[in-house]
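**Student:** Spelled out, the chains give:
4 protein chains.
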Amino acid sequence: MPTAFHKVILFGKRHREKAMVSTLLRLIQHLENKKIEIIIEKETAEICGIKNHKTADENQLAGLGDLIIVVGGDGSLLSAARAAASQHLPVLGINRGKLGFLTDIAPNALNEIDDILAGKYLQEKRFLFQTDIIRDDKILYQQTALNDVVLLPGDIAHMIEFSIEIDQELVCVQRADGLIIATPTGSTAYALSGGGPILHPSLDAVVLVPMFPHKLTSRPIVISGNSKIKILINKQTKALPRLSCDGQARLNLKPEDIIAIYKLPESLNLIHPMGYQYFATLRDKLQWESKPY
Amino acid sequence: MPTAFHKVILFGKRHREKAMVSTLLRLIQHLENKKIEIIIEKETAEICGIKNHKTADENQLAGLGDLIIVVGGDGSLLSAARAAASQHLPVLGINRGKLGFLTDIAPNALNEIDDILAGKYLQEKRFLFQTDIIRDDKILYQQTALNDVVLLPGDIAHMIEFSIEIDQELVCVQRADGLIIATPTGSTAYALSGGGPILHPSLDAVVLVPMFPHKLTSRPIVISGNSKIKILINKQTKALPRLSCDGQARLNLKPEDIIAIYKLPESLNLIHPMGYQYFATLRDKLQWESKPY
Amino acid sequence: MPTAFHKVILFGKRHREKAMVSTLLRLIQHLENKKIEIIIEKETAEICGIKNHKTADENQLAGLGDLIIVVGGDGSLLSAARAAASQHLPVLGINRGKLGFLTDIAPNALNEIDDILAGKYLQEKRFLFQTDIIRDDKILYQQTALNDVVLLPGDIAHMIEFSIEIDQELVCVQRADGLIIATPTGSTAYALSGGGPILHPSLDAVVLVPMFPHKLTSRPIVISGNSKIKILINKQTKALPRLSCDGQARLNLKPEDIIAIYKLPESLNLIHPMGYQYFATLRDKLQWESKPY
Amino acid sequence: MPTAFHKVILFGKRHREKAMVSTLLRLIQHLENKKIEIIIEKETAEICGIKNHKTADENQLAGLGDLIIVVGGDGSLLSAARAAASQHLPVLGINRGKLGFLTDIAPNALNEIDDILAGKYLQEKRFLFQTDIIRDDKILYQQTALNDVVLLPGDIAHMIEFSIEIDQELVCVQRADGLIIATPTGSTAYALSGGGPILHPSLDAVVLVPMFPHKLTSRPIVISGNSKIKILINKQTKALPRLSCDGQARLNLKPEDIIAIYKLPESLNLIHPMGYQYFATLRDKLQWESKPY
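Chains as they are written, first to last, in my numbering: chain A, 1 to 293; chain B, 1 to 293; chain C, 1 to 293; chain D, 1 to 293.
Calculated from the structure, these hints are not laboratory results. Certain hints may be false.
Unchecked claim - Residues from chain D shown here face chain B by an in silico Cβ test under 10 Å; the list is partial:
1) K215
2) L216
3) T217
4) R219
5) Q287
Unchecked claim - Distance windows between CB atoms, simulated:
6) C/L251 with D/K291: 52 to 62 Å
7) C/A106 with A/K125: 42 to 52 Å
8) A/L122 with B/D132: 21 to 31 Å
9) D/K291 with C/N252: 23 to 33 Å
Note that the structure is predicted; figures quoted are calculated from it, not measured. From the three backbone atoms N, C-alpha and C, an ideal C-beta is built for every residue, glycine too.
Start from the sequences and build out the full structure, keeping to the hints where you can.
**Tutor:** Here you go:
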């Protein structure tokens, strides 16, 4: 049974943008009028120059609020997702005028926000990836991702060579420009440009999309969301690849590095207005028809 | 805990083929030597001219045996799958010399068969589709499928126009040559030629692959295996489509017909030799590499 | 140096449609006011119930007029193309409110039509296919096509098996649902849905697009427009294919039939308004961007 | 009428490889026995430690020989192609045991080489690209390519934004990871992994293949080989792209840089043994069938 929200944490984009700031200020005004307690995420407050409000570090939000509202595009929500999931805070996304897959509230839809605060909303779980980069049997680096983990070409003009293992079973040794490993959430982002299928967000599944594979018989593979995926950079690979999580944090890899990808125990709790339909968003974004021709 | 098998039902191809008959006869000899009780599926007995054995109709196998062995290709196993699933009989597939996705025992691998009969095997569940064709609110026709349900163009040179609904939510109205709805088992069959992804057989999921869609933004969609899928043939469609289940039984459809597709409650119990690996079969069939280049 | 047009032959759609008839009548009125001589193609006159004008059979237009104006969509222009090419008459296409690849004049753009009649226009050559169906060494049937020749599945649920030869060199033996052979004009029609590339209309080339090929390494192949293409239906093919030219005239084929496809000596002379740009049409139809994001 | 060859220039790979050196030495021996005059390309001589032969710089070969023989893979032939084209020397490619698209003579096929030297061969023209990088209205850099010119992502995780112009007509503004511009020769190399079509080598055409385009309606476009292509890096692009010609020489680009790509006046004269068939090579490389199934 959904509960009402009384203390709201506000997140913005990671760089100053006029439209975002004005939406944020209008939202603050609206929430204050409704006597909702407001906390501004610290970096957001700095970027937007908001001073007369309580702020908090993105890693110290637990207990302070009961809902995170993100103002920005899908990219901004990706940034907030990790903090939200690990601190068990639900997230609502307000876009900047253009419907997002994750930010599905229009900037002027204050009515919809009111309904949600009053406890009238839909909630949906979205899982995240945990990624470990293992070198010499030690975890060198860890990162989370809501959309995708991407193995990318490094500097030199050669294909990357790597092995893929799923649940300790070899899938194949692949020569390719790279590999996209996407959650259902990420299946409509970069993986879609690469020819991957759309995975319904309710699906507990992961898709592996090879990028420009040498073998023309390579295809996207959909596996269980509970799979443990391992990518092993081959010893003799000439092109040193990099790794990117949700389009951020590119880390340089070396031959014999292992990338382990598996589901993060905590998932993201995404809030939608009543009447939200996934396929309606998909139709809007991909210009599919909803009426007979 | 796997049990040993003592009474075996033998299924062959649906048309006489020399290699199949000789494999079947050799297998009968081998099973007799091992004192395994043998029942021959009636049509198989007729096609192969096998006379001195107990036979049984494919719909009256329950209680007679504890394992079905199919001799043929993946297509033969598809034919036996419905009888096997509804009568809760596990199935083992013996190929004709060429590895199949479903028939993974070589015709001469009598050792592997002995191990399986002795209780040393892996088993795997594969779900089937139930398909209802609904006209004027009545179910006109029902069919099952292990691989796929395919909406195909009928006679005239126009695209089909239909709506797709999943769990009562509209996905889109589509103009296309047709639509493939495939189980994970079927994802490596016809759907793969149509650009669909590979779904791991352990995945409880279904893929919808549009065939030559009018909208270039149409993409394969992967949804939960528990989804109720409805295809509604549009009123004004000029091309009358047909429906095919596992490549069989093409039924002519009319405007306003509804095709409902959902999971059959009984699933197929597929038997594999110990050491079976799905991805090894995939590598073999698609010529993927298993060693560094 | 372009010449002005004084005698215009009018073609409409092949079935009655209100918007088409009213555009046609408005056009007749406009041309009469300009003292342009008008001939109505016979079937068009009958379909539209136009009585007080000179009519002519589509095969007996040579010498009667100096320009064909087609009112309808790209499909209507396809129908008129053969008559136009063989009788050396240039063609102008007027659409029904939605930009076509071939019919690029809006129904209300009478100014553009006036300019064209006055000799201010661009002209472009588009080649057509000649297709011979050969059985027992005799030509059984001949057909022309501006867009494409398509080898299609017949009734039974099996892949077609055929060989492709180009200039007497074997390309491959293919198992597929069918094959699309498209001109540059047809490359943005059915072939595009099948994953084929866009061929610029100025290119003297042909593309072969396999439909749902069995081999995942099959790819569209672009060859010279002067190539002689031969498709040989294999002896043992179980599925009897059909052949379609520009989406019309499906002919049933038999094993060992040969389909020969080559360029028709006469090409179509397509008229465009000044300022016409192929890529502008493409951007409009495929919603590509023309401005920085 | 083909002429016999008497003075042969030998080219090897750009790094030492045992198999290549031994093939080269065996070939030298064979040619000496046949009294053919031998010139070793300077870098090849150094890499292979060949001392008792006349050597020449790759840019000063004109007049010294009448045929270049390349020992290596297709990559080695790419390196030699520019020198060969500009100095009007025909090229023959000897592979290292695995059939190449360009290097189609097996290392032990001395008979075939003898026939070719005696004047029994086929020759084929392959065109090359000239690429100018223009900054502030000046040509900053020029490069040639036999396979492809590739616009690649630079370091940052953003799509590149660029405009494409063909013969001064805007094609579109594109957001993508990059763009491949390939000759027919290059259409079976990197462009094929990216979903491009195969262009027959006799075709005077170029294909543009978008890499992971943002717009799902983006498609490979085939244009005339005589087209002048311009890629304009957009002012506001955040990701600085790089440019690669035949997989070499990655140059960093800046916003507002212009890349002009057009046909080099001199083409490569590629020598094949009698009986060479392009489609036979294609079948071999892509495992297409040549016999009925």
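**Student:** Compare the structure with each hint and give your call.
**Tutor:** Against the structure, the hints come out as follows:
Against a cut-off of 10 Å between C-beta atoms, the interface hint on D/K215 holds, since the closest Cβ of chain B lies about 9 Å away. The closest approach between the C-beta of D/L216 and any C-beta of chain B is roughly 4 Å, which is under the 10 Å cut-off, so the hint is satisfied. A hinted interface residue such as D/T217 counts as satisfied when its beta carbon comes closer than 10 Å to some beta carbon of chain B; here the least separation is about 4 Å, so the hint holds. The criterion of a C-beta within 10 Å of any C-beta in chain B is met by D/R219, whose closest approach is roughly 7 Å, and the hint holds.
Hint status for D/Q287: holds, given a least beta-carbon distance of 7 Å to chain B, under 10 Å. In this structure, C/L251 and D/K291 break the distance hint of 52 to 62 Å, their C-beta atoms being roughly 27 Å apart. Between C/A106 and A/K125 the CB atoms are about 50 Å apart, so this pair conforms to the stated range of 42 to 52 Å. The hinted range of 21 to 31 Å is satisfied by A/L122 and B/D132, whose Cβ atoms lie roughly 30 Å apart.
Distance hint check: the CB atoms of D/K291 and C/N252 are about 26 Å apart, consistent with the given range 23 to 33 Å.
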